[in-house]
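So the protein lines, in turn, are chains Y and P.
Residue numbers are given in my numbering: position 119 of the first sequence equals residue 119, and the series is strictly consecutive.
Residue numbers are given in my numbering: position 136 of the second sequence equals residue 758, and the series is strictly consecutive.
Check each hint, because a few of them may be wrong.
Dumping the calculated EDC-like pairs for lysine to aspartate or glutamate here, alpha-carbon to alpha-carbon at most 16 Å [claimed, not checked]:
(1) Lys566/Y x Glu497/Y
(2) Lys954/P x Glu433/Y
(3) Lys460/Y x Glu670/P
(4) Lys460/Y x Glu713/P
Hint data in this document are derived by calculation from the structure and do not stem from the laboratory.
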Amino acid sequence: MIEEKTQSEHSKPDVVTVEDVTVRFAGDSGDGMQLTGAQFSDTIASYGNDLGTFPDYPAEIRAPAGSLYGVSGYTIHFSSHDIYTPGDQIDVLVAMNPAALKVNMRDLKKNGVIIVNTDTFDRKNLELASYKENPLEDGSLSGYNVYKIPITKSTLETLKELNLPLKIASKCKNFFALGVIYWLYNKSPELTLNWIGDKFKKNPELVEANTRVLKAGLYFGETTEIFNTRYEVKPAQLKKGTYRNLNGNEAVALGLVAAAKRAGLELFLGSYPITPASEILQHLSGMRQFGVKTFQAEDEIAGIATAIGASFAGQLGVTSTSGPGMALKTEAIGLAVMAELPLVIVNVQRGGPSTGLPTKTEQADLLQAMFARNGECPVAVVAAASPSDCFTMAVEAARLAIKYMTPVILLTDGYIGNGSEPWRVTTIEELPEFTAKFRTDPQDFHPYLRDENLARPWVKPGTPGMEHRIGGLEKQHIYGNISYDPDNHEFMIKTREQKIKNIENDIPELEIIGDKDAELLVMSWGSTFGAVASAVENQVAKGNKVAFAHFRYLNPMPKNTEAVIKSYKKILVPEVNMGQLSKLLRMNYVIEPIQYNKVKGTPFKAFEIEQKIEEILKGSVR
Amino acid sequence: MSEKAETKYTAKDFSSGIDVRWCPGCGDFSILAQVQRSFPQLVGVEKEKIVFISGIGCSSRFPYYMNTYGFHTIHGRAAAIASGVKTARPELSVWMATGDGDCLSIGGNHFIHLLRRNIDINVLLFNNRIYGLTKGQNSPTSEHGKVTKSTPMGNVEYPVNPIAMANGVEGTFIARAMDVDAKHLQMLIQRAHLHKGTSFIEILQNCVIFNDGAFDNFTLKEHREDRVVYLEHDKPMVFGKQKDKAIKLDGFTPVLIDLNDGKHSINDALIYNEKSKELAYIISQFSDNPAMPLPVGVFLDINYTTFEDDMTAQIAEARKKFGEGDINTLLKGKSYWEIN
Numbered sequence: 001m002i003e004e005k006t007q008s009e010h011s012k013p014d015v016v017t018v019e020d021v022t023v024r025f026a027g028d029s030g031d032g033m034q035l036t037g038a039q040f041s042d043t044i045a046s047y048g049n050d051l052g053t054f055p056d057y058p059a060e061i062r063a064p065a066g067s068l069y070g071v072s073g074y075t076i077h078f079s080s081h082d083i084y085t086p087g088d089q090i091d092v093l094v095a096m097n098p099a100a101l102k103v104n105m106r107d108l109k110k111n112g113v114i115i116v117n118t119d120t121f122d123r124k125n126l127e128l129a130s131y132k133e134n135p136l137e138d139g140s141l142s143g144y145n146v147y148k149i150p151i152t153k154s155t156l157e158t159l160k161e162l163n164l165p166l167k168i169a170s171k172c173k174n175f176f177a178l179g180v181i182y183w184l185y186n187k188s189p190e191l192t193l194n195w196i197g198d199k200f201k202k203n204p205e206l207v208e209a210n211t212r213v214l215k216a217g218l219y220f221g222e223t224t225e226i227f228n229t230r231y232e233v234k235p236a237q238l239k240k241g242t243y244r245n246l247n248g249n250e251a252v253a254l255g256l257v258a259a260a261k262r263a264g265l266e267l268f269l270g271s272y273p274i275t276p277a278s279e280i281l282q283h284l285s286g287m288r289q290f291g292v293k294t295f296q297a298e299d300e301i302a303g304i305a306t307a308i309g310a311s312f313a314g315q316l317g318v319t320s321t322s323g324p325g326m327a328l329k330t331e332a333i334g335l336a337v338m339a340e341l342p343l344v345i346v347n348v349q350r351g352g353p354s355t356g357l358p359t360k361t362e363q364a365d366l367l368q369a370m371f372a373r374n375g376e377c378p379v380a381v382v383a384a385a386s387p388s389d390c391f392t393m394a395v396e397a398a399r400l401a402i403k404y405m406t407p408v409i410l411l412t413d414g415y416i417g418n419g420s421e422p423w424r425v426t427t428i429e430e431l432p433e434f435t436a437k438f439r440t441d442p443q444d445f446h447p448y449l450r451d452e453n454l455a456r457p458w459v460k461p462g463t464p465g466m467e468h469r470i471g472g473l474e475k476q477h478i479y480g481n482i483s484y485d486p487d488n489h490e491f492m493i494k495t496r497e498q499k500i501k502n503i504e505n506d507i508p509e510l511e512i513i514g515d516k517d518a519e520l521l522v523m524s525w526g527s528t529f530g531a532v533a534s535a536v537e538n539q540v541a542k543g544n545k546v547a548f549a550h551f552r553y554l555n556p557m558p559k560n561t562e563a564v565i566k567s568y569k570k571i572l573v574p575e576v577n578m579g580q581l582s583k584l585l586r587m588n589y590v591i592e593p594i595q596y597n598k599v600k601g602t603p604f605k606a607f608e609i610e611q612k613i614e615e616i617l618k619g620s621v622r
Numbered sequence: 623m624s625e626k627a628e629t630k631y632t633a634k635d636f637s638s639g640i641d642v643r644w645c646p647g648c649g650d651f652s653i654l655a656q657v658q659r660s661f662p663q664l665v666g667v668e669k670e671k672i673v674f675i676s677g678i679g680c681s682s683r684f685p686y687y688m689n690t691y692g693f694h695t696i697h698g699r700a701a702a703i704a705s706g707v708k709t710a711r712p713e714l715s716v717w718m719a720t721g722d723g724d725c726l727s728i729g730g731n732h733f734i735h736l737l738r739r740n741i742d743i744n745v746l747l748f749n750n751r752i753y754g755l756t757k758g759q760n761s762p763t764s765e766h767g768k769v770t771k772s773t774p775m776g777n778v779e780y781p782v783n784p785i786a787m788a789n790g791v792e793g794t795f796i797a798r799a800m801d802v803d804a805k806h807l808q809m810l811i812q813r814a815h816l817h818k819g820t821s822f823i824e825i826l827q828n829c830v831i832f833n834d835g836a837f838d839n840f841t842l843k844e845h846r847e848d849r850v851v852y853l854e855h856d857k858p859m860v861f862g863k864q865k866d867k868a869i870k871l872d873g874f875t876p877v878l879i880d881l882n883d884g885k886h887s888i889n890d891a892l893i894y895n896e897k898s899k900e901l902a903y904i905i906s907q908f909s910d911n912p913a914m915p916l917p918v919g920v921f922l923d924i925n926y927t928t929f930e931d932d933m934t935a936q937i938a939e940a941r942k943k944f945g946e947g948d949i950n951t952l953l954k955g956k957s958y959w960e961i962n
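So that you can see chain Y by itself, here it is in the shape it has in the complex (with noise of 0.2 Å):
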């Protein structure tokens, strides 16, 4: 039980000031992980700390309780500078079950901190998590900062006169977890009092519960003695701005409907739901207001197809996806291809092959969106680099795909859809200009004459004397009737391709990062900026010779990359898939990259990057 003691009794802990802060909070998918880690990583940006988040749950809603494989887990890196990903390695671990602990151990530092929920800790759950021995008491966790608390009685004895249900009592645990890190941090927990009166304000009985046990774990880091360290992290000097917390399927939504506006256009979303995408879905059907309609599909066929409707219509049509999503929609793409209408396809990546790893990130779709349609059948293809970075990169997909008339796949991944760090808030009168132009004068008009992108113009259903049809099946250059002409199809395929390869005039160049002069250069593309740019940067910081460049544009890929590439001795690559960037830097541009895979469903972390990057440097990798 809890220690009675009174205030005057205590002495005040020291507050230790630390630059870089990495705190997991784990349990069961039951117990509200993902929600407190959002809360904290909400509190932590109020303070102006950068940071960088990393959601990770089970597929199962809500796995058998106490199970290793049901453990859902919410980091946090927070700091007083720059940071690029969510933390190598935790230093303090909240586990609100042995399976948690279990689970998890392996990425606490040495010396890092665990905080227990000492109730879970009984046979049946130490048997779920197949411990032999209770790690609390086997000595087994004497290299680390251990802290037991009894959570789950702390919790229902602070809520037991309001004669709650025991089921719902021992829900808001969570919160006397999250009351403690509070404290920990040198947190005010107001952010969080405020959301739970909102969130909860139909019902004032709940309300009252979880304030009293997000104080009372505040209080109880307060009262008691265990900790003799509190823990303050400085505010990270950002540019000036209005910053907030964003995670990537947010700024997806966002940044379509930011781009919508600023092309003049109404936006469409034809999706079918589906993990880790569906959010985008959500927060777009929740955005009537600024005129977006969504549709939710009867399949994924359907999710897109009414989207090429939608364009057809006049409307930015956009289709939302994952993975096995995007295999089915591969036939539509095909058809906004001949039919040369805008479109904005987004794939946020998961473990695949098939349904694969629905919960888990990976980066093995990108030739899927390169080449996976019949003939040939050119289109853009972007990435988004963070959380963040999937706003831009939305805004890019609608003004390339409304500029050069065609379907243009934006791809971003479970990492950073679900992932979230602090966003320096950008306003519609700072994105790039691109207003969609419709042709509405029958004049020599013809559906396929081509302007000086190659783009063909766009004629709204309504507009009159400007009846015409486009389709599938291949169309005479300039006038669009269906032809089966030997040289006009060849014609139309080399100028599908040209239109295509016209947007490198209208992205920009590759940047490159670290020592310009050194012999290797680490290249990447999509979610693994964060951890390639950490890497690059100490590794920069301790002296040694290497350079980085990221993509965000895949298709084209910018006009200096050959320049780029041959400037360098040794290209490494790494990817969380087996190699597909490299293989399209070794067919675009014959160069033999070294490769660094992992497909094992996480992010690379930043220190795996360096020892590569070391190993290479001293030679003993080719």
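Take the given structure of chain Y and dock chain P to it, following the hints.
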């Protein structure tokens, strides 16, 4: 008709002028002609507001021959693409041309969900009970036992009944026409246009090459009146050259009666009610029953709100509640902080 409504258009205005490439004698020619003849009379629609969407198959070439906006899409997906068009732009008059394979086999899922959503799209199903474009395989409406190129020993599947299917998935306007009855088809096209919500017309269409005469048993001029019953709302189900045959409902069982047999009179005939889903289902079961006449006309015409109207209403409601959305406020979100 003596009094023709004054219209801006003639049938010719709806012809795109390109060569029509169906086989000589194909039932599709008649359907195209009836659509082009009916469209000048569509109430309150300008030509540029009309959009034809199709999938793949002989029937799906249809949009190319219409001088309207048109989109010849991919196999089975016409219903989904049309749904996107109509949801995005409810002011357009959206039509879908599809075949029995396109609509009921590869596109069956989209067809089901189009009907249940009740999006105001007019679906013309060209049902010839065979795959024509791929040269003669069985379709989802081919009869059991039928010999086709892919069923040389006879079809081992049972056909779907498109009218019953449409009713089962909550269609609100369900009708059947014959390619050979021009006036009746024109009337149904007008009714489909006037109906708010998804309108579904199954058109029995003869494939002269691969399934010639599929409907002759009912539709041949010399015996059509004796073998086809035209459904009319609030009117008795009477048919026959001499108007001497009728349908009577015996409990839930429809029976054929002879009005001249001395035992029955016109008062025994079932009064058809196109507002009744139950009746529509019972009558739809006549299909493929050789003892019964072929029912054509409007099986069902009922009203629910449409998907696109509900969507538009939600947008209006959200704007009333939250005001016209300010994008910068949205981007900033509810919890933000300033760094100075």
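- [ ] Against the structure, test the hints numbered earlier, and report the numbers of the ones violated in rising order.
- [x] 1 and 2
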